[in-house]
Amino acid sequence: MIKTDILIIGAGPTGLFAVFEAGLLKLRCHLIDALVQPGGQCTEIYPKKPIYDIPGFPEILAGELVNNLMEQCKQFEPGFTLGERAESIEKQADGSFVVTTNLGTAHHAKVVAIAGGLGSFEPRKPLIDRIEFYESKGVSYAIKDPEIYRNKKVVISGGGDSALDWSIFLANVASEVTLIHRRNEFRGALDSVEKVQRLKQDGLINLITPAEVIGLEGKDQLEAVMVQKEGEGARLLLTDAFIPLFGLTPKLGPIADWGLEIEKNAIKVDNALDYQTNIPAIFAIGDVNTYPGKMKLILCGFHEATLMCQSAYKIIHPNKKSIFKYTTVSGVDGFDGTRKEAPKSVVKSID
Amino acid sequence: MLDITIHITDREGVVHEVQAPTDMAMNLMEVVKGFELAPEGTIGICGGMAMCASCQCYIESDHQLPQQSEDELAMLSEAFFVKPNSRLGCQILISEELDGLKLTLAPEE
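From first to last, the protein sequence lines stand for chains A and B. The first sequence: position 75 = 75 (the numbering used here), numbered continuously. The second sequence: position 105 = 1105 (the numbering used here), numbered continuously.
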């Protein structure tokens, strides 16, 4: 069981800044995120895009902002459970919570802060008849262990980096790799596009464009996919596996069933005070919450995280008083023993 | 500055006639969001970067629209329910030339 003071669900900018603010109050944080890297949308969707409305940064790339936030909070030693989705929450007799992920990792904390953005990122599933039936029977939306495709026939569809990269990788593992995309153009890194081109010429990747998988066949297990190439009739292609890689889309997911008040696909909070939800000691901060006048901006998430930490402190230490301090005056003492402080001014007399 | 009229059929098939300002640098996705013609969280998920297809719509009048960027074409190539008249609303800036535009929102993925 992982134990912490504030359990943060979502490791995007708001969650990461909450670690820093909590650390100033000597509270420890642990973060859960469905993605395998911290940063949320900023790293998953637009790491190379600039943001212009972070106070004090006339322009900063989303990926760079996440790196800075990681650097800013690192002395407070946040824990991470990455690649797992928070699934269930159980209130304990003493008022604390146990949050368990889809992989069964359990976390214990007195305060839970949901900083889940638009939800956890899940693969976009193509609209193919009976595709659910074939899930884990040959159809998967992500590749966890490429070895299971050794000497198998694999069909991948999609036109982005993951479709290209996995086609390249599996060309040396699977007995046959077919890449199917709706256009002739791919939008992955140029280097990957060129590699696929070479593998196609060497006969190691079977490229079908512009085309689409429109049907799945097989009695108990996937046996073939129906491929429709533009301007041609549909034809059956024998395969052991079909891996559609159409990117990820955020879904509020299991959090929606935690008994929290939901409005407009977001969690209602008390914005007059501390962004607490209808369940005491569960907070919602950043894009995942809603209140009158809500704006889904990173800078608003930072503010919400800061106020949340003040209330979290009172819940965790009911008998202590938190004292408001400026970092410039009192410095920053990390849990790792480091200390940051303003340099002392030099006093020297002039003769 | 001038407002233009846009006819938007929502995902339930209800037709809305809305007045959209041309001087606010708004795009079609933001107009749909602004008039709450699709529930929050089901449109404009990526914020308007042509990186999701939640604002896909079918253009049903023959207005001259801004050309599709490479990003929009790539996204639409991976979107679902795509038709020849599909566009991403976030990539269409509201301008006086679009007065009378007719469109239908594509289904939610």
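Take these hints with a grain of salt, some might be off.
[What the hints assert, rightly or not] In silico EDC-like links for lysine to aspartate or glutamate, alpha-carbon gap of 20 Å or less:
| no. | chain 1 | residue 1 | chain 2 | residue 2 |
| --- | --- | --- | --- | --- |
| 1 | A | 264 | B | 1070 |
| 2 | B | 1083 | A | 261 |
| 3 | A | 251 | B | 1070 |
| 4 | A | 49 | A | 64 |
| 5 | A | 110 | A | 274 |
| 6 | A | 48 | B | 1108 |
| 7 | A | 296 | A | 261 |
Derived from the structure by calculation, the hints contain no laboratory data. Note that the structure is predicted; figures quoted are calculated from it, not measured.
Evaluation of the provided hints:
Straight-line distance between C-alpha atoms of residue 264 of chain A and residue 1070 of chain B comes to about 32 Å, which puts the hinted pair past the 20 Å bound. Taken as a hint, the residue 1083 of chain B and residue 261 of chain A pair is broken in the structure, with Cα atoms around 37 Å apart against an allowance of 20 Å. Straight-line distance between C-alpha atoms of residue 251 of chain A and residue 1070 of chain B comes to about 27 Å, which puts the hinted pair past the 20 Å bound. For the proposed pair residue 49 of chain A and residue 64 of chain A, the alpha carbon gap of about 10 Å is at most 20 Å, so the pair holds.
With a C-alpha separation of about 16 Å, the suggested pairing of residue 110 of chain A with residue 274 of chain A holds against the 20 Å cut-off. Among the hinted pairs, residue 48 of chain A with residue 1108 of chain B is inconsistent with the structure: their alpha-carbon atoms are about 27 Å apart, more than 20 Å. Taking the CA atoms of residue 296 of chain A and residue 261 of chain A, the gap is near 18 Å; set against the 20 Å cutoff, the hint holds.
Checked against the numbered hints given earlier, this structure breaks hints 1, 2, 3, 6; the rest are met.
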